[in-house]
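Number of protein chains: 2
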Amino acid sequence: MTLDAVLARIDADLPQALDRLMHLLRIPSISTDPAFKPACAEAADWLVADLQDLGFDASSRPTPGHPMVVAHGGTGDKHLLFYGHYDVQPVDPLSLWDRDPFDPEIQDTPAGRVIRARGAADDKGQLMTFLEACRAWKAVHGSLPGKLTIFLEGEEESGSPSLIPFMQQNAAELRADIALICDTGLFESTTPAITTMLRGLLGEELTIHGPNKDLHSGMYGGAAANPIRVLSKILANMTDATGRITIPHFYDGVTELPDAIRAQWQSLAFDHAKFLGDVGLSVPAGEQDRTPLEMLWSRPTAEINGIWGGYTGDGFKTVLPAEAHAKVSFRLVGEQDPFAIREHFRKWVQDQLPADCRVEFHSHGNSPAGVMSIANPAFEAARQALTDEWGIPAAYVGCGGSIPIAGYFKTYLDMDAMLIGFGRDDDQIHSPNEKYDLECFHKGIRSWARVLAKLA
Amino acid sequence: MTLDAVLARIDADLPQALDRLMHLLRIPSISTDPAFKPACAEAADWLVADLQDLGFDASSRPTPGHPMVVAHGGTGDKHLLFYGHYDVQPVDPLSLWDRDPFDPEIQDTPAGRVIRARGAADDKGQLMTFLEACRAWKAVHGSLPGKLTIFLEGEEESGSPSLIPFMQQNAAELRADIALICDTGLFESTTPAITTMLRGLLGEELTIHGPNKDLHSGMYGGAAANPIRVLSKILANMTDATGRITIPHFYDGVTELPDAIRAQWQSLAFDHAKFLGDVGLSVPAGEQDRTPLEMLWSRPTAEINGIWGGYTGDGFKTVLPAEAHAKVSFRLVGEQDPFAIREHFRKWVQDQLPADCRVEFHSHGNSPAGVMSIANPAFEAARQALTDEWGIPAAYVGCGGSIPIAGYFKTYLDMDAMLIGFGRDDDQIHSPNEKYDLECFHKGIRSWARVLAKLA
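First to last, the protein sequences are chains D and Y.
Take 0 as the starting number for the first sequence in numbering that gives the first Met the number 0 and just add one per residue.
Take 0 as the starting number for the second sequence in numbering that gives the first Met the number 0 and just add one per residue.
Keep in mind that the hints were calculated from the coordinates and are not lab data.
Be aware that a few hints might be false.
One copy or two, it doesn't matter: identical chains are merged, so the pair holds either way.
Unchecked claim - In the DSBU-like style, the derived pairs of lysine-lysine whose C-alpha atoms are separated by at most 35 Å in a straight line are: (1) Lys442 to Lys212; (2) Lys346 to Lys232; (3) Lys273 to Lys212; (4) Lys36 to Lys409; (5) Lys346 to Lys273; (6) Lys409 to Lys232; (7) Lys36 to Lys212.
Note that the structure is predicted; figures quoted are calculated from it, not measured.
With the rest of the complex left out, here is chain D (with noise of 0.2 Å):
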């Protein structure tokens, strides 16, 4: 049986994937920082030739931004688009890392073999699984697994300015059948899912400005307006003391789970303490009437990323600071429109300024939720796919996260997304010490042949 063959071949030539992996992980490609630019077209080009080895057509287009990484190989009734993204998110605070998070290593660990460094699970090990599945598939059958698009993006950690706007610019050469996202995780360790739930995405940045340079608060302190309190305020009057978000039509177009998603979501038997209490936490902080499952998967979040003002080194200064900064992100749900929540927030903001403060906003990207459908009998096909790799059934889940690119394929090119993934809770995303499990990404690899046999 060739799919057997294929599988042998991905378990041996295991060692060789990792160095591959291992090499890639070694480019930094933050793209939030502009520093790291040559760092992504770097990631871009290694991801073109390896493409190109695998012989695909691939090469590196140009955006306003990162280039994207398109590829097509392979021939087939059925035309396949995968997508991943080839950057990471920023390393801060370094001092917190066990080591260079560039600087890639396969670590023992009680809990069992690991590959360390930023981007190991987010996203790069993950894209890493799809191109080694082709890898093996072409090795023994001397071709690939069926008509093929790869689609890799290099600025999906910075909320992907450049993305709708290419999508729309190569849909003819983009558009496929189905497409198929590597970005997502395992439910609980060691159940495969299939995501069908993605919360949207809305980055706002503002800043107070208050008096027209910084202030000593012994001359000041008192009569002129502080904008690290105003800001403070009003970060404060986000949330009630319920965890409902206070901002005015902000509910508007969230809708009710489902009684069937509800229900399989409960039968998952999630465990709401084990999930605080690994990190280090007990109280489910948002809305006092959901459960932790609700919040993370069907819930719409109002959160601040980062704030910044006045005096922030060793030691202390008497200073009213001229000026404070937030980052302020939204997860959205249903049909919660990233537009109008920005107009609103930025109102509600406005409306709470003193009359001698001023604000100024910035946008940093903002997505829909994502609802798929599962009709597509891909769907069934995939999740028996993974049942038969993992030896337990394979779940439809929700997701915390956005993964705008998932409601982007429906919007633009009008077709279905299925987002299979193999991370692990733990694995530190956006966190110091990000890491994949060793086992993820070989199951993965295999995970996926399987899948390319069931649907190419």
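Mind docking chain Y on chain D? Use the hints.
Only chain Y this time, still in chain D's reference frame:
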């Protein structure tokens, strides 16, 4: 008349006096930042050498922090002590300075000539007015104007941790008939002033700890405690909608102004609109039932001097940080007890924490308010001298800032202290582009010559 000769000598020697000040301003003696410890020692040594040139028996005395400069000289019935500080505030944000803060320059501005540098007004320019008055006196008379002790501190901008122990250990050496302190300002640009009310200061730094590592806001947002939100809510609660501070027992010991002082302050015709307008503001931000002058001189405050947490770089990072930080300071009046308020504040913060968060506190110094008695006839004598120099009756005023040394002279050495200074409200002390008006420096030196003629 010999006073006239001293004043003439001051006028003639002004260029050389400026050269000396420039030298002192070039030394970056930022006391709060450990990186500048050698510069603080250098400033102390430079002052010791200059005082020795003037005939003082001067030395730099080590402390656990930065050295004290102590010098004795002259003879006479009255023993006067002069206090100033040679350390300066940090210079960030450096990008807002028009030039290197430690490369001083005399600049022509529409409002007159200014000395531009960090520390020009606070306090190097001010302390040098006294030394230059002594120098001119000695040039004319061949001796110092009386029995003098000079006492210069290097930790005034960082909470003065060594001051009280040093005063206690050297009480016999430092005790004099009266202390003269030059670290305050004129009243509204041209009215000479003796400051008789000073606010105290309590500095607190707090760190809110939530999850045991930085989290992905998609994977945990909503369900997990966000330390920035917890901190914002606490800081927002610190004042109510009327500007009143809500910490329990905070107002214990706050007394109302005596009618006589209130009447004198009203006669000063302080221009509230101009005071705020000069810094781009228009709405008094403190207690709504108080005038801005009361807010500044006789009411306590709770200010946020710095805040930071999460991702604060370019771009966006959807992180829920493990911790968030703020630096908070309280200006104290009347009989408010800084130690009691610290305990009340810390308990009040603790009481607002979610059960799975914790807080760490770090103290940044504390001092009670200072209220001078003007019964000592030296006050009226000095007031007459200042009136002679400036041609406008000198006023007894309050000060929003905290100069703990004034109270310490009373508490630890049983001496009255007289605060006479020549700063202006637009000196931008603690801000970028600090300056000291050349007129203030020049007339400040002349003022001290006149005060010494009356007192010594």
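We went through each hint and held it up to the structure:
1. Lys442 to Lys212: Intra 58 Å, inter 28 Å, cutoff 35 Å: inter-copy only.
2. Lys346 to Lys232: both (15 Å within a copy, 21 Å between copies)
3. Lys273 to Lys212: between (48 Å within a copy, 15 Å between copies)
4. Lys36 to Lys409: within (30 Å within a copy, 62 Å between copies)
5. Lys346 to Lys273: For Lys346 and Lys273, only the inter-copy Cα distance (30 Å) is at most 35 Å; the intra-copy one is 39 Å.
6. Lys409 to Lys232: neither (40 Å within a copy, 40 Å between copies)
7. Lys36 to Lys212: Both. Shortest intra-copy (34 Å) and inter-copy (28 Å) distances satisfy the 35 Å Cα cut-off.
Comparing the model with each numbered hint stated earlier shows that hint 6 is the single one that does not hold.
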